[in-house]
Each structure stands twice: as structure tokens, then as C-alpha cells.
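Chemist: What follows is the residue order along each chain.
Number of protein chains: 2
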Amino acid sequence: MHENIRVNGERLWAALMEMAEIGATPKGGVNRISFTDEDRRSRDLFTSWCESAGLTVKVDKFGNMFARRPGRDNSLPPVMVGSHLDSQPTGGKYDGAYGVLAGLEIMRSLNDGGIETERPIEVVNWTNEEGAILKPMIGSEVFTGALSLTDAYAMATPTGTAESGLDDIGYKGDLGLWSYPVHSYFEAHIEQGPILEEKNLQVGVVTGAFAQQWYTLNFTGLEAHAGPTPMASRRDALVGAAHAVLAIREIANGVEGGRGTVGCITPYPASPNVIPGAVDMTVDFRHESEEELEEMTSRFEAAVGAIAEENRLEYDLNANVSIARVPFHPTLVGYVRTAAESMGIGHMDIVSGAGHDACHMAKVVPTTMVFIPCENGISHNELENATPKDCEAGCNVLCNAVLAAANSTETLEMKP
Amino acid sequence: MHENIRVNGERLWAALMEMAEIGATPKGGVNRISFTDEDRRSRDLFTSWCESAGLTVKVDKFGNMFARRPGRDNSLPPVMVGSHLDSQPTGGKYDGAYGVLAGLEIMRSLNDGGIETERPIEVVNWTNEEGAILKPMIGSEVFTGALSLTDAYAMATPTGTAESGLDDIGYKGDLGLWSYPVHSYFEAHIEQGPILEEKNLQVGVVTGAFAQQWYTLNFTGLEAHAGPTPMASRRDALVGAAHAVLAIREIANGVEGGRGTVGCITPYPASPNVIPGAVDMTVDFRHESEEELEEMTSRFEAAVGAIAEENRLEYDLNANVSIARVPFHPTLVGYVRTAAESMGIGHMDIVSGAGHDACHMAKVVPTTMVFIPCENGISHNELENATPKDCEAGCNVLCNAVLAAANSTETLEMKP
Numbered sequence: 001m002h003e004n005i006r007v008n009g010e011r012l013w014a015a016l017m018e019m020a021e022i023g024a025t026p027k028g029g030v031n032r033i034s035f036t037d038e039d040r041r042s043r044d045l046f047t048s049w050c051e052s053a054g055l056t057v058k059v060d061k062f063g064n065m066f067a068r069r070p071g072r073d074n075s076l077p078p079v080m081v082g083s084h085l086d087s088q089p090t091g092g093k094y095d096g097a098y099g100v101l102a103g104l105e106i107m108r109s110l111n112d113g114g115i116e117t118e119r120p121i122e123v124v125n126w127t128n129e130e131g132a133i134l135k136p137m138i139g140s141e142v143f144t145g146a147l148s149l150t151d152a153y154a155m156a157t158p159t160g161t162a163e164s165g166l167d168d169i170g171y172k173g174d175l176g177l178w179s180y181p182v183h184s185y186f187e188a189h190i191e192q193g194p195i196l197e198e199k200n201l202q203v204g205v206v207t208g209a210f211a212q213q214w215y216t217l218n219f220t221g222l223e224a225h226a227g228p229t230p231m232a233s234r235r236d237a238l239v240g241a242a243h244a245v246l247a248i249r250e251i252a253n254g255v256e257g258g259r260g261t262v263g264c265i266t267p268y269p270a271s272p273n274v275i276p277g278a279v280d281m282t283v284d285f286r287h288e289s290e291e292e293l294e295e296m297t298s299r300f301e302a303a304v305g306a307i308a309e310e311n312r313l314e315y316d317l318n319a320n321v322s323i324a325r326v327p328f329h330p331t332l333v334g335y336v337r338t339a340a341e342s343m344g345i346g347h348m349d350i351v352s353g354a355g356h357d358a359c360h361m362a363k364v365v366p367t368t369m370v371f372i373p374c375e376n377g378i379s380h381n382e383l384e385n386a387t388p389k390d391c392e393a394g395c396n397v398l399c400n401a402v403l404a405a406a407n408s409t410e411t412l413e414m415k416p
Numbered sequence: 001m002h003e004n005i006r007v008n009g010e011r012l013w014a015a016l017m018e019m020a021e022i023g024a025t026p027k028g029g030v031n032r033i034s035f036t037d038e039d040r041r042s043r044d045l046f047t048s049w050c051e052s053a054g055l056t057v058k059v060d061k062f063g064n065m066f067a068r069r070p071g072r073d074n075s076l077p078p079v080m081v082g083s084h085l086d087s088q089p090t091g092g093k094y095d096g097a098y099g100v101l102a103g104l105e106i107m108r109s110l111n112d113g114g115i116e117t118e119r120p121i122e123v124v125n126w127t128n129e130e131g132a133i134l135k136p137m138i139g140s141e142v143f144t145g146a147l148s149l150t151d152a153y154a155m156a157t158p159t160g161t162a163e164s165g166l167d168d169i170g171y172k173g174d175l176g177l178w179s180y181p182v183h184s185y186f187e188a189h190i191e192q193g194p195i196l197e198e199k200n201l202q203v204g205v206v207t208g209a210f211a212q213q214w215y216t217l218n219f220t221g222l223e224a225h226a227g228p229t230p231m232a233s234r235r236d237a238l239v240g241a242a243h244a245v246l247a248i249r250e251i252a253n254g255v256e257g258g259r260g261t262v263g264c265i266t267p268y269p270a271s272p273n274v275i276p277g278a279v280d281m282t283v284d285f286r287h288e289s290e291e292e293l294e295e296m297t298s299r300f301e302a303a304v305g306a307i308a309e310e311n312r313l314e315y316d317l318n319a320n321v322s323i324a325r326v327p328f329h330p331t332l333v334g335y336v337r338t339a340a341e342s343m344g345i346g347h348m349d350i351v352s353g354a355g356h357d358a359c360h361m362a363k364v365v366p367t368t369m370v371f372i373p374c375e376n377g378i379s380h381n382e383l384e385n386a387t388p389k390d391c392e393a394g395c396n397v398l399c400n401a402v403l404a405a406a407n408s409t410e411t412l413e414m415k416p
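The listed protein sequences derive, respectively, from chains Z and E. So in our numbering, spot 88 of the first sequence is number 88, and the numbers just go up one at a time. So in our numbering, spot 228 of the second sequence is number 228, and the numbers just go up one at a time.
With the rest of the complex left out, here is chain Z (with noise of 0.2 angstroms):
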């Protein structure tokens, strides 16, 4: 056992503070969407900072970038940690950049006392995480082989293509995608919730991420004018909606731990006076457990009959994303609930209800994250927050945990 080292919370905040400059909005947040200047600009700053830190980057085909300090054995696989730079168009400063900055103070903490661990440390900036112009977490995907690179060049973007975006941008790199073995890797991130906050917690021990169930629904009924069709003679597609959206919160609030999202709602033809004749709308249901979110979706599936045959509609329901439950990897989210406990840190466990480089991380490699407060639970919001004190203390969580398994000679096997 080590002793547990700090990080330096100031040094980490103003690397935060900095790093947001570039795309800074006038609001507070950032924008740097991948490909654009900002995002150019954010990897060379990251650069500067690695390699005057003595750490050694690569940029591997798509863009992702490692920087490495090494270790007593740099035979044995590295333990990663990181994020990713780039923001939604009006995101915030801690969303991704956190998680990179974070893993860059504990490399700078490390080299300040002097401190060797047996394997690597490797500090990771994904590519395209929040996918304002690709799809989301797209750089991880590709790394991990879930998205083949070529398939990946070939996404079109509103400039050209990812391909041409890297290029654009001095960041196709040369390195292999996956070319070694890796040991582990660690993510710390903003909660994105507000349940830290409420309950005055600093730390999110994170033990997977939620199932998800995604569906596009059309109800169709009969457009009609809204002065001279009487209510008894409606068949009025948005009064399905308005039954399916609350269906939807009373079958989320029923079990405990459920979400229940309508975000998306388009009724046609969108003229105050005819009765709606059909409405699109999206539904996202998640939960930690596969079971719990079967047993969400087949009571949605079923109201949705319900509601259309009451209202005299037609429905289209369409499951169009379905994702597995994470799980992270015991003994990481051992090493991060240690980390919190033995330093005195508030902490509980959490489930991470959105998702992340992590996720496709988790499904090839022993993966786990630390979650930190932001306030009121807002992200993806120019209004993004969170406290110099929280970032603190996950950093230092965060860096103790991967000191953990950076002086671990032991693989990890992933179903332990």
C-alpha cells in the first residue's frame, strides 16, 4: 500500500480556467466542436503542456491522442486515464476537458514528488466525444473496434469528411488504433445529474452505466380544422402524444431508479388551428438494471396500444437504439471507493446515467470512472459548473485509484 498523495487543486483549476479560453462563449461556456480552430487549438495546448511535462504524445489514425509517462516496466500494459477536449457548440468548461486536465495534474503531481509507478500512465484525449457533427463518442468507438476506421473516415461532417476533418486539422495521427495492450483505464467526468449535490457528496464512485432504451413513436390520426370538427369527431394525434408523455413520467416514476424522457415532440401539419393529424416523438428509457428496463419498456409498449386504440389513432413504435448495461470493473471502482475513503472524501456509489468514452472502453478493457458535482446537475449548458474544491477532490480520488493500478503487476481479467 502507498501513502495517498494530493494533487495540486490550483495548478488543475487554472489548466481548467485556461483551457477554456479557447472557443470561450460570452456566456461563460465554450464552444469547440472537433475539426473547427478550437479544437486544433485545444490539442496543441494539451501537447505543449504533456511534453513539458516530460510526457511523450501520440496520435494514433483518428485522432486520439496519448501521452505517456512511463513506467519502472514499460513492458507491462499502461494504465490509462482521460477524456476528451472538445464541447458541444454552447457546452461547458468542465464537460471532457475535466476528465483530460485531470488526468494531466496527476502526471505533474507525480513528476513534483518525484514518484515512479511500475507500469505507464498514459493521459487520453478522445477524439469527437460529444458528437455535435459525428456521432457520439466516435474517437473510443473506433479505438476499441466497435466502428471500423474506415467506415469511420468516411462519416460525413459539414465540411467534408471525419477523414478530412483530422487532416484539417493536423491530427490524423500514425499510431496504430489499439496497437497494445492496455491495463486498465480511468474517467473522471462531472455527474451531469444533481444527485451528488443534493446530497452533499464530492465523489461519485461509479459502478457502470445505465441499460438504455430508445424508440421513435408516430401517432396518426385525422387533421382536421379546429373550429368546426367537435371533440367527440377527433381523432387528434397530439392528444396521443400528451397521454404517451405522461405514461412515460408515471411508468419511470414507478420504478425506483427509472428515466423517462420525451425530448423530441413535432406535431403536423403545426397550425394553431388544425388538430394535429399525426405527431413524431422520441422516448428514452434507461435503468442500471436490464430487468428494470424490461420491465419499463413492456409496460410503455402496452400503454402506447392502449393510448391509440382509446384516442382512435394509428401508432408506429420503433425500438431504434437499445444499449446494454456497463458494468465497471470491480477492483478499479475497488481502487476509487478506497482512494475516497481512506482521504476522508464524501462519497457514494452511482451509476452513470449517460454515456461516455468509458462505456466503450469498459467493453474491452477494466474500465471505471469518478464522478464530481456540477451545479444543479446542468451539462451541456454554458451554465455548466462546478467548484474548484470538487475538482479537487476527485483529481485526488482519481489519482490515487490509478496509482492503484499503475503499481498492480497483475492483469486484470475482465470477468473477474
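All clues stand as given, with none of them false.
To give a feel for the contact side, a few chain Z residues facing chain E, derived at Cβ under 10 angstroms:
hint	residue
1	Val239
2	Leu246
3	Gly263
4	Pro267
5	Pro269
6	Pro272
7	Phe371
Hints in this document: simulated from the structure, not taken from any laboratory. Keep in mind the model is a prediction, meaning the values are calculated, not measured. A virtual CB, placed ideally from N, CA and C, is assigned to each residue, including glycine.
Put chain E on the given structure of chain Z with help from the hints.
Modeler: Showing chain E alone in chain Z's frame:
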């Protein structure tokens, strides 16, 4: 009392079908938007038919057309009968055209029978009833003085202004607006609702038009990520909007003859995995009785406040359009009812849920309308349909009601 005369139903139907060729769409509807070449061609065809029937066609400064058949005493104010030839972009063959061509058929039938009337009769084609490029019912609004000619001319269209649009099609006429007294106005129209069809009746004796109250309604909550945000922490604006949609339906269901409709609903930011932080929607309440309308809207306004409070939302409710109830003239309504009864045509009293040029006219001239059924109540749609038998029956009733007015030498008081 005169003996009922009968119009030529086949000729009326042939005129409807020939007019429907102008702007015909592949799905069997028409696209005859104001100030387009189709508008011009429909006006030219109408003019040629009127002139062949011996009528004198005049065009006023806003393009409204008046085709006069002289009476025995041409110093008496004329009876007007008509509607509009313009259509929605994907409109039907009957909405508007039926009223104009039924007026023409009356003239032709009177000619056939060599029938003279005391008063002149004029068939009217109002400019831009549909509002596909300007506000609706603008021709009759300008005619009746509710909108100034200067303001109407200045209104923007996709290609210029209303004035340039009239110039483009050669229908900016010389006739002054409402430059001579009018005895009465009749308008035949498809019902645009399902009531006559459901009751298997051929004619609606229209006693007036609904009072209307429109609103825009915004709910604002907190935009948040659909995954990490527990149900209990949410301030989901779409959940508030869904409650409002159902409350509106319940309120309208609870008042006999009420109508309540949400036609537009727009969530923000409209992403499948983001809880909507705000929703904009439109609300349209109508009732024959202004007291009942007031009852509905006051219940609605209270419901919105309660919904906002229960769902921890802010709201902004804006009453943006108020339209008073339009009563039609009881003497003219009586002419229509008597005509239907004496010809044994199945009929009922009905209130127009939609706005018509007749609603503008009713404010300044004794006015009424005749409705005929349309299939499934569908209008503003290429599928709009009516039967030759119903078109003929409605025209017979219209003809004999118009004759009753045209043969009366009495002046009708606006408020008898």
C-alpha cells in the same frame, strides 16, 4: 311567395370540375394561391363565364370581383352571393370555389327560366380568403373597412406586396371599395366539419360563427440530461405541456359545443436525450356563446397556473387573438331555412366553427351562409370531397334564399 326554382346540378358540377383543373394537384386537390398565375387564370375563367351569362364584371381596388345581374329596380342595393377562388397550397376543389360557382349557377338558372328579380344580384369572388401568403379573409376585410386599403396594399408577400401582387395578375381594379350600398350577403360553403355528414343531412342553416380565443403558452423548466437526472429532480417543460393539452381537451369536452385545440407544440432544445427546458404551444378555444367561451378560458387559465405549480415550471400565457361571436341575420337565416324546408331538403341549424368572408360582411351587411357536407369533415386538404347531390341541394337552397332577398324591396336593419 315565389315557387321554388331548381338549379342545374350537372352544370354546377361541371363548372366545379373545370375550375379545379386550374392548379390541379396530383392527389386531386388544387393549389391556387393568391397572386399566382393560377389565381389569374381562375379569375379569367370566372370572368368569361360571367360575361357569357350576360353579367357585368367589375373589379375593386383590392381585386374583389363583382358580377352583376340587373334587377327590375337597379336603384335598389344588390344582393351579393359568393365566396373565394383562391386555395391553400394543398387545398381541395370545393373550399371557396363552391360558393362562387353556386352563385354563378344561380345566375345561369335565373337566365334559363327568364326570371327577373326586384333587386340586382351580384356574384362575388373575394381576394385572398385563405391567407396562404397574406392574412386570411383580407379581401372582405378591406371591403368592409376593417382594414385600410393603404395598410393592405403594403403587406409583404413572398414576391413583393399585396399591391404588386394584384398588379402582377392584372386584377387591381378601378371600382372603389364598398362604393354603393349592399342589401345582403349570402355565402355557400362546405362545412369543413363532420356534423352534417354524421347526421346524414344535406344542408346546414348557418346561424352565426363561433367566438374564438387564441393563446400562446410557454412553459419553462430546466433543460437537463435525460440519463443522469432522476425523475424527482426534473422540471420537465414537456410534462407541463402534456398536462395542458389534456386539460384543454377536458375543458372543451366539459362544455357542450365547446372546442379546444393545441395545433403547435415546440420543445427546446429538441434532442432525444435532453429533458425539454422549455415548450411553446398554441391554444385555440371556440364556442357559439361568448359566455361559455369565457367559462372555458377562465378554467383554462386557472389550470395552467396549477399545472405550472405542480410541475415546478414558470409559464407565460398570452391571449393573442380574440374574435367575437358573429350572429347572422335572422331574416336571411329564415330565408335559408324556409327554402330547405319547402324543398324537402334535410337540414339543421349549425354554427360555423371556422372564419369566412361572411364573418367580415356580417359586421356591416345582413349576412348568412349555407353549408353542405364534406367527406369526413376534411378540408384544407387535397382529399377534400363533396358529392354532386349535396352541391346541387345546397345550391337549390341558396338560390331560393337569394331569390327571397332579391325579391324583397324592404331594407333589412342590421339589428332587427
